[in-house]
Every structure is written in structure tokens, then in C-alpha cells.
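Below, each chain spelled out in residue letters.
4 protein chains.
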Amino acid sequence: MVCTIEIYEKPQLKDPILIEGLPGIGFVANIAARHLINELKAKRFAEIVSASFQDFAATTESGGFSSPVNELYYWKREDGGRDLIIWYGNSQALTTFGQYELCGKVLDIVLELGCRSMVSIGGFKKDEVQPIPFIYSAATDQESLQEALDLGTKIMVGHIFGIAGLLIGLGGLKGFRGFALLVETLGMYPDANATRHALATLGKYLNLTIDTSKLEAAADETKRTLESFGLIRNIVEEKKKEEEQMRWFI
Amino acid sequence: MVCTIEIYEKPQLKDPILIEGLPGIGFVANIAARHLINELKAKRFAEIVSASFQDFAATTESGGFSSPVNELYYWKREDGGRDLIIWYGNSQALTTFGQYELCGKVLDIVLELGCRSMVSIGGFKKDEVQPIPFIYSAATDQESLQEALDLGTKIMVGHIFGIAGLLIGLGGLKGFRGFALLVETLGMYPDANATRHALATLGKYLNLTIDTSKLEAAADETKRTLESFGLIRNIVEEKKKEEEQMRWFI
Amino acid sequence: MVCTIEIYEKPQLKDPILIEGLPGIGFVANIAARHLINELKAKRFAEIVSASFQDFAATTESGGFSSPVNELYYWKREDGGRDLIIWYGNSQALTTFGQYELCGKVLDIVLELGCRSMVSIGGFKKDEVQPIPFIYSAATDQESLQEALDLGTKIMVGHIFGIAGLLIGLGGLKGFRGFALLVETLGMYPDANATRHALATLGKYLNLTIDTSKLEAAADETKRTLESFGLIRNIVEEKKKEEEQMRWFI
Amino acid sequence: MVCTIEIYEKPQLKDPILIEGLPGIGFVANIAARHLINELKAKRFAEIVSASFQDFAATTESGGFSSPVNELYYWKREDGGRDLIIWYGNSQALTTFGQYELCGKVLDIVLELGCRSMVSIGGFKKDEVQPIPFIYSAATDQESLQEALDLGTKIMVGHIFGIAGLLIGLGGLKGFRGFALLVETLGMYPDANATRHALATLGKYLNLTIDTSKLEAAADETKRTLESFGLIRNIVEEKKKEEEQMRWFI
Numbered sequence: 097m098v099c100t101i102e103i104y105e106k107p108q109l110k111d112p113i114l115i116e117g118l119p120g121i122g123f124v125a126n127i128a129a130r131h132l133i134n135e136l137k138a139k140r141f142a143e144i145v146s147a148s149f150q151d152f153a154a155t156t157e158s159g160g161f162s163s164p165v166n167e168l169y170y171w172k173r174e175d176g177g178r179d180l181i182i183w184y185g186n187s188q189a190l191t192t193f194g195q196y197e198l199c200g201k202v203l204d205i206v207l208e209l210g211c212r213s214m215v216s217i218g219g220f221k222k223d224e225v226q227p228i229p230f231i232y233s234a235a236t237d238q239e240s241l242q243e244a245l246d247l248g249t250k251i252m253v254g255h256i257f258g259i260a261g262l263l264i265g266l267g268g269l270k271g272f273r274g275f276a277l278l279v280e281t282l283g284m285y286p287d288a289n290a291t292r293h294a295l296a297t298l299g300k301y302l303n304l305t306i307d308t309s310k311l312e313a314a315a316d317e318t319k320r321t322l323e324s325f326g327l328i329r330n331i332v333e334e335k336k337k338e339e340e341q342m343r344w345f346i
Numbered sequence: 097m098v099c100t101i102e103i104y105e106k107p108q109l110k111d112p113i114l115i116e117g118l119p120g121i122g123f124v125a126n127i128a129a130r131h132l133i134n135e136l137k138a139k140r141f142a143e144i145v146s147a148s149f150q151d152f153a154a155t156t157e158s159g160g161f162s163s164p165v166n167e168l169y170y171w172k173r174e175d176g177g178r179d180l181i182i183w184y185g186n187s188q189a190l191t192t193f194g195q196y197e198l199c200g201k202v203l204d205i206v207l208e209l210g211c212r213s214m215v216s217i218g219g220f221k222k223d224e225v226q227p228i229p230f231i232y233s234a235a236t237d238q239e240s241l242q243e244a245l246d247l248g249t250k251i252m253v254g255h256i257f258g259i260a261g262l263l264i265g266l267g268g269l270k271g272f273r274g275f276a277l278l279v280e281t282l283g284m285y286p287d288a289n290a291t292r293h294a295l296a297t298l299g300k301y302l303n304l305t306i307d308t309s310k311l312e313a314a315a316d317e318t319k320r321t322l323e324s325f326g327l328i329r330n331i332v333e334e335k336k337k338e339e340e341q342m343r344w345f346i
Numbered sequence: 097m098v099c100t101i102e103i104y105e106k107p108q109l110k111d112p113i114l115i116e117g118l119p120g121i122g123f124v125a126n127i128a129a130r131h132l133i134n135e136l137k138a139k140r141f142a143e144i145v146s147a148s149f150q151d152f153a154a155t156t157e158s159g160g161f162s163s164p165v166n167e168l169y170y171w172k173r174e175d176g177g178r179d180l181i182i183w184y185g186n187s188q189a190l191t192t193f194g195q196y197e198l199c200g201k202v203l204d205i206v207l208e209l210g211c212r213s214m215v216s217i218g219g220f221k222k223d224e225v226q227p228i229p230f231i232y233s234a235a236t237d238q239e240s241l242q243e244a245l246d247l248g249t250k251i252m253v254g255h256i257f258g259i260a261g262l263l264i265g266l267g268g269l270k271g272f273r274g275f276a277l278l279v280e281t282l283g284m285y286p287d288a289n290a291t292r293h294a295l296a297t298l299g300k301y302l303n304l305t306i307d308t309s310k311l312e313a314a315a316d317e318t319k320r321t322l323e324s325f326g327l328i329r330n331i332v333e334e335k336k337k338e339e340e341q342m343r344w345f346i
Numbered sequence: 097m098v099c100t101i102e103i104y105e106k107p108q109l110k111d112p113i114l115i116e117g118l119p120g121i122g123f124v125a126n127i128a129a130r131h132l133i134n135e136l137k138a139k140r141f142a143e144i145v146s147a148s149f150q151d152f153a154a155t156t157e158s159g160g161f162s163s164p165v166n167e168l169y170y171w172k173r174e175d176g177g178r179d180l181i182i183w184y185g186n187s188q189a190l191t192t193f194g195q196y197e198l199c200g201k202v203l204d205i206v207l208e209l210g211c212r213s214m215v216s217i218g219g220f221k222k223d224e225v226q227p228i229p230f231i232y233s234a235a236t237d238q239e240s241l242q243e244a245l246d247l248g249t250k251i252m253v254g255h256i257f258g259i260a261g262l263l264i265g266l267g268g269l270k271g272f273r274g275f276a277l278l279v280e281t282l283g284m285y286p287d288a289n290a291t292r293h294a295l296a297t298l299g300k301y302l303n304l305t306i307d308t309s310k311l312e313a314a315a316d317e318t319k320r321t322l323e324s325f326g327l328i329r330n331i332v333e334e335k336k337k338e339e340e341q342m343r344w345f346i
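Residue numbers (the numbering used here), protein chains in the order written: chain A, 97 to 346; chain B, 97 to 346; chain C, 97 to 346; chain D, 97 to 346.
Hints are computed from structural coordinates only; laboratory data are not their basis. Please note that a few of the clues may not be correct.
To be verified - Derived lysine-lysine pairs resembling BS3-like cross-links, with alpha carbons at most 30 Å apart: (1) B:Lys319 with A:Lys201; (2) C:Lys139 with D:Lys270; (3) A:Lys250 with D:Lys319; (4) D:Lys222 with D:Lys250; (5) C:Lys201 with B:Lys201; (6) D:Lys250 with C:Lys137; (7) B:Lys319 with C:Lys222; (8) B:Lys270 with A:Lys319; (9) B:Lys201 with A:Lys106; (10) B:Lys201 with A:Lys172.
Since the structure is predicted, the reported quantities are computational estimates derived from the model, not experimental observations.
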């Protein structure tokens, strides 16, 4: 199987932009994607289960359950702007191999919907964070980098691990153009403040006003989901390991 | 190869229910499935060998041998009730990746036979067990959960690892409906008593009287098979490791 | 790729028997296969390279090189007996998954040539060995077991790891019939004496007189090949690890 | 996906020779390939991303980024000699399995372009190196070995790990002919001097004058790329581990 994909609908989209929002440092991308889906009432059109996810299900007191899954949502914009595809999920793949497979599959799906642009959001772990956190960027090409810098970001120097890094590399190879927005965060907890600033920058790029008054709710929802998965603990441990290797995980 | 599948027969079945019975905590599912196959004289129609099983064969004093395999059995019910498919085996896959592959293959096979419902049975490891052990449930959807609660079960809260957890997640994605029955067990040995109560609850759901007078024989058979595989020792060790991680394995 | 297979010829064979001869405990199978190929002037018709082999090449003082490979040879018998297919190689796969893939591929190739029978040869590690070493057997079915017992073998009780164990399990599932001949060996070095007795028993079964006067040469050739691969050291280490686990590797 | 391949052009080539130049001991192959691409103005016609590469991107102060990738370049020779295909990259695969996949894919691509010959370049780690370093060779066959010896090389005795070793084994199986040129190096840093001698020998074979006045620039470029990837540190550690195992990595 490798990846089991259920596509519920093939939406007609206008030059759509892919927004990546899987769990990572500070859970910035994950909170941002959850909030965008909630605010924009984005519609789920695909579910993806990878054989490289963890093999378990988590149940809750209300009798609900969740198991590792990635989802794609679309939002049709009615003010003439470009449509959005939001890649949301409660898991990245467990292995490097699985990460490539997953990223490759998602890119193939959105390519078919005419998508050639992408933005990934992430946290950039710092030991100290500015009151208004800096936002760093990396891009597939100089033109995209300039677009990101024009939003007030700085050039990121270092390693981008995980899906956010893959998207730039693998996406670039498949003809996508775009950039990563990496916001400073202590990275130890779901960071709603960092997410607010990342969303403000994203909104500027999309020319879209994003109401963040309910952002704390999305952060809490994200926290609950990831806690039930044991992911918050895991990523903290992961980070420790990586610090020893002097790397940054996004 | 990934999975080598031999299908000996494609039975015509009436709205069949898949019963999962692979080895796990307390070996409850495995004993239950073995007993059902024995009692109902269910017929084997498929064998599955996964490249993610262990690469060995175990031989016995009578010259017989067994190697890691999963099997599918069917039972045609003659009293108007729904037919059964029983998923039996002496092994789960060694890797997360293999578990997904195996579960995906079995779901694909039974989907083709018109199966859309499933029940998985498992042990829920407790340090202390009631004389009449509690049975917990988790379900793919609220309606299925209600069916399980109506049988006298409680809502399960926690993690369901292995095939039982995957069945809910991956099965749900593929359109299956059903629930897991998780019976309290100390989990240190093949637990015939826990299995008896799980079978009673399953029988109530299926509206089927299951004679459990020969259940000890099925438990002994299961114990012998798994001992020759070294699995009983392994799962005990596995459990220890997992306790440290504060997880439950079913 | 998984496995890259080059088939140089599709021989017409008369009810052929597959003889497995990969490196294992005491290198019994490997020496036996090498010797049979030399003596019978068996003809190589296929080469298999698996992505689960080690990724290296070993060079020798004469400028030759060898890299991990498996080979299939055939021998057409002219006295009315059944033809042989000999599975020879300098490597088993590094992973369980690779072992299943490799074994599955070889069985598929020989199935196409009409092969339904197999004999695997192996060493059975003992701390003490009889002057005339005992030979143990395990079989895919009772009839094959009886054939092996009629050759003067004893029933093997325990675990058969690696390709020899897989052949019985996976081969049985694919409709093959046959047995494993497991000869006592200290297992610490290429054991020409154990191989001589294994070949005598195999010869009895095949009704074939095998001249073993040049067996030491085949043992030396095997030793040189495996030493240049570092395999002899590795298997000794492997064995130590397995002794701790109270298992036998063949 | 396993490997994502983008082929930008299918050049018509005259009996081309594949030159392998991935990072390894002393980075000799990598510097040599980079220099040849620069000097010959070779044209990139394919990019390959393997799911067995590391899942990250590295960004630089100028806002550029690089992620693990392999590339194929061609050079059409106008003096009547044979054309070249240069296999360049910033990564080998992380796993043995991935190395086989990658090597198999590249061989398949160049086979389609009519390529049947190959030369791999590598470092041969020594504790002491001659002022004019010795060059060792290993070959797919005796005729190719003689060609290499005629260039003034010595016979290599030992293990060739990684892509250079695979090329000989897997390439030989697929019908390629060629040899590896392994130049003495301390192997602790990108070794421009060793590379210069390797290129001189390669030039003699190709009957091609290679201007190496800008070789230091290629070495610096290689060093910067690999440092940004953390590869220089990694290979040094890798080497330590391998020394303990008494192996050579190329």
C-alpha cells in the first residue's frame, strides 16, 4: 500500500497555493493550518494514510478516536484571489523514506489540481525570542525568495528538516515555486503567539485578513490532539537529540 | 512480494462481519478466533505470508512445522444471521510498515467479498482485574460505539497499538464500520477467562450462542503454537518495554 | 529494483528438484552446492542481485572481484532421474524483508521451470558432534518427512532461521513439497566433514553417486570467498548473538 | 516514489562512458566530477531524488538552498572521441537498499542512452600517502583491468564500499564494462592533490587533456556544499566506525 489515499472530490481550483501544516517545532504550522481550516471553513477533499505512520489509534473520553492521518482541504476564494489547498495532519512519517513518499504523493495530488505554488510554515527554534518574533525565509528560487523578503522576513541560514525541508527540495524538482516562513519560537509547547505572527505574514502575502481572535482555541485543539498521540512529548525528546547534533527541526 | 496471498476459494457471503484474531496482550483475540474456527468449523479460504514476518520455521516433536502465516476463514450462517470472516494467525508483522501492508491487504480481500463491518477483540492490560472482567470499546463512529455500549461495555480511553488499532483507523478510511472489544487482563499468559467473557459479549452482538466448554483446549493450542514461536516470551518482554513508555498494547 | 534478475537461458527440465545452498552455519549448504556445481558441471542460467545485499565489492590479488550475488544452475540428468536446479550464492539478504523477497523471487523463477520439489541443506549447531554426525530433517508435509526419515535422518525440533526456514514456509504456501537436511556441526568453520555426510544422504535421496574426493577443494574455495567478504567473521559473531537468544541458525 | 527522476533531455550520445562522482573518502570523485562539469561545460539532463536521501534542505547566507539530489550531465566530444555522462551529486543514499535502488536507476537511464562503459573514481584511504599518490584499480573483467593497469595503476586488494563498489557489481551484471580508479588519500578532507592525479590518469584513458588550474576552486566548492550538508563531519565519523571494522570506504 505505502500510502492509502481516499479522494472525495476533485475540486476545480484557480491557480491554487499549497499551505503545508503538519506538526513540528512549536507546532506553528499545525496550529496555523487548523486555524485556517476553521476560519475559512475549508472543505476536506482527501485523506492519506501512510504505511510509515505509527500503527495505533488513540481514543478519547467521549468515545471518539483518532489515528495517524493527513488531510487535504481546499478553500475557494470569492474575491478574485488565488484558491488555497491546506495540507493538515496529526503526523509526519516515522522514517525518512516515508517522508519522501508522503511528500511525493501530496505533491502529485495537488499537481493534478493545477497547483504550482506552495508556502510552508514552521518554527525556528531559538533560545531567546523577540517580543515580536522574527520570521525567516527560504525559497525554491530567487524570485520567490524576494517575495518572502518583501514581506519583512530575513534570510534563513541553516538546516530545514522534515516535510518543510522536503517540500522545498522535492517540490522544486517537480516544478513548484514557493517559500518557507520560519518563525522564532522556544519550541517547547504549542506556540500560539508565534503562530499569530506567522499568520499575519502569510495573510499579507495572500492579501487576506485572517481573524486570529479564536487562535487560542486552535492551539488548544492542536495541543489536545497531539497530547493524545504522545507527540508533544516525543517532539520534545526529538529536539533534545537534535540539539546535541546542532541541528534545527521545523 | 511484500505479501504473498493464496486464495483457495471466493465464497459468496451474506453481509459478512470480519472478526480479527491475531496474537496480542493476553492472547485473547488469538484464543477467541481459534475457538470460533474450531466450534463453527469455519473454512479456510486464504493464506497470507508477509515479507515483514520473521524469517524462520518452528518444528515440533511430531515432525510438523509452522512458519509465520495469517489465514482467513469463513462461516456461512444458516439461521438467517450475517456470515463471518475470521482473521487468524500466529504473527503480527515485525514493523509498523508491515502492519499497515498486512492490514491493508486483508481489508482489500474482504472488501471484495462484500464485507463492510468488523469487530476486533483484544486484551486491555490492567494490574488488577475484576472477577468478571470489564470490557471496553472503541469504534469507527458514534453509531457503532453505541452498539458496543449497548452490549454492556465501557468507553476505552488510551492508545490501541498494533493491528487492532490499525483496523479502526485504516478500516474507517476504507469505509468499514465496527468496534473493538477490549477485555481486562493481566496479560501475562494466554487468558482463557478473559477470552470467555469477550466471546460472551461477541455472541450477544452476533446473536449467537458460543459453546465455550472447549475453550481451555483452544487456549492450550494457542499457548503451544506461540511458545514454539518464542512469541510468548517476546510479548512479555515487549510489554515491559511498553510499560516504561506508558502505553497499552492490544 | 528490489531484485535485479538476469536470466540467460530458460532450460527445459524434467520434474526438477531445487537444491538450496546459501551460506549459513558450518557453511554446509554453501560447500555442498559449490561441490555439486563443480562435479556435475551444472550450468548457470540466472543471476540475482537483491537491494537487500550488502553494498560493496571485494577484490583479490589477481585483480578479480566479487560482489554479493545469488545464482541458479541447472543439471540435466541423463540416466532417467529428475533434473536439478542448484541455488548458489555468496550472500543471504541483510534483512528479514529482503530474505522474503529473495526467496519469493527464486521460487517464482523455478516454478516457471516446472519445479515443485525442493531440498535445503544446512548445519545444525551442536556443542558436540558425533564422529558420524547425525542428520536431522524437517519437511513441508508428512509424506516428505517420511521420505527424509527413510534416509536415516531424525526429526528436527527447534527453529530454522534464514532461507532454509523460509523455503519450507513460503515454498509450502506456493505448493512446493520437500524437506531440509540439517547436519550436526560445531559451526565455527567451513565444515567439509559435515558436508560430506549431508551429500551422502542427499545422494541416497537422488539415487546419485556423488564423488566427494574433491570436496576439500570446494570447502577451501568457499572459505576464501566468504573470508574475502568478511562473512566468516560475521557469521561467527551472529552465532554468538543467537546463542544468547537460544536459537539455531541454519 | 522510491526515486523521483526528472529527465530534461534525451541526448544522442556516441558510445558514452559513465563517470561516477558522488561524495566519498577524500571527496576525490566529487571534486573530480565537479571540475569536469565546470571545465567541459557539461550539460545537465537529469535530476534524481531518492526517498533514501536525508529529508532536509540546507540554506545559505545568500538565500540559496540545496537539498539532497543526484544529477546526470552529458558532454559531447567534438574531436572524434567517445562522449561522457557525468554522475554528480551531493549525497549517496542513507541505506544499503537505497544505494542499490539509486545505482540501478542510474544504470537504467544511461543504458537507454546507449552507455555500456563506466569509470568510477574514488579515494583509497591510507595512513601515509606517496608524494605522487599511487592509483589502484578494480575492474568488471580482465580486459578492463588490463586497460586500467596499462594506465600505470596497481591492482586494488580489499573492499570497495558504497556506490563505487555497487557500480562494479551491479553494472557488471547489467552488461557494463569498466573499472574503478582509487587514488591514495589520507581521506580526512577534500583532497585536491589526490584528485589532480586521478584526473591525470582518467585524462590519459580518455585521451583528453584536462586543465586542472582551477581544481582548487572545485575543491572549495565541494567543501562548502558538503559542509553545509554536515557531510564532511559525517563521513569523518563514518570512517572512524569503519576503521574499527577494518574496511575501506570509497
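Hint by hint, here is what the structure shows:
no., hint, verdict
1, B:Lys319 with A:Lys201, "violated (43 Å)"
2, C:Lys139 with D:Lys270, "holds (19 Å)"
3, A:Lys250 with D:Lys319, "holds (26 Å)"
4, D:Lys222 with D:Lys250, "holds (15 Å)"
5, C:Lys201 with B:Lys201, "holds (20 Å)"
6, D:Lys250 with C:Lys137, "violated (34 Å)"
7, B:Lys319 with C:Lys222, "holds (27 Å)"
8, B:Lys270 with A:Lys319, "holds (27 Å)"
9, B:Lys201 with A:Lys106, "holds (26 Å)"
10, B:Lys201 with A:Lys172, "violated (36 Å)"
The structure fails to meet hints 1, 6, 10 from the earlier list, while all remaining hints are met.
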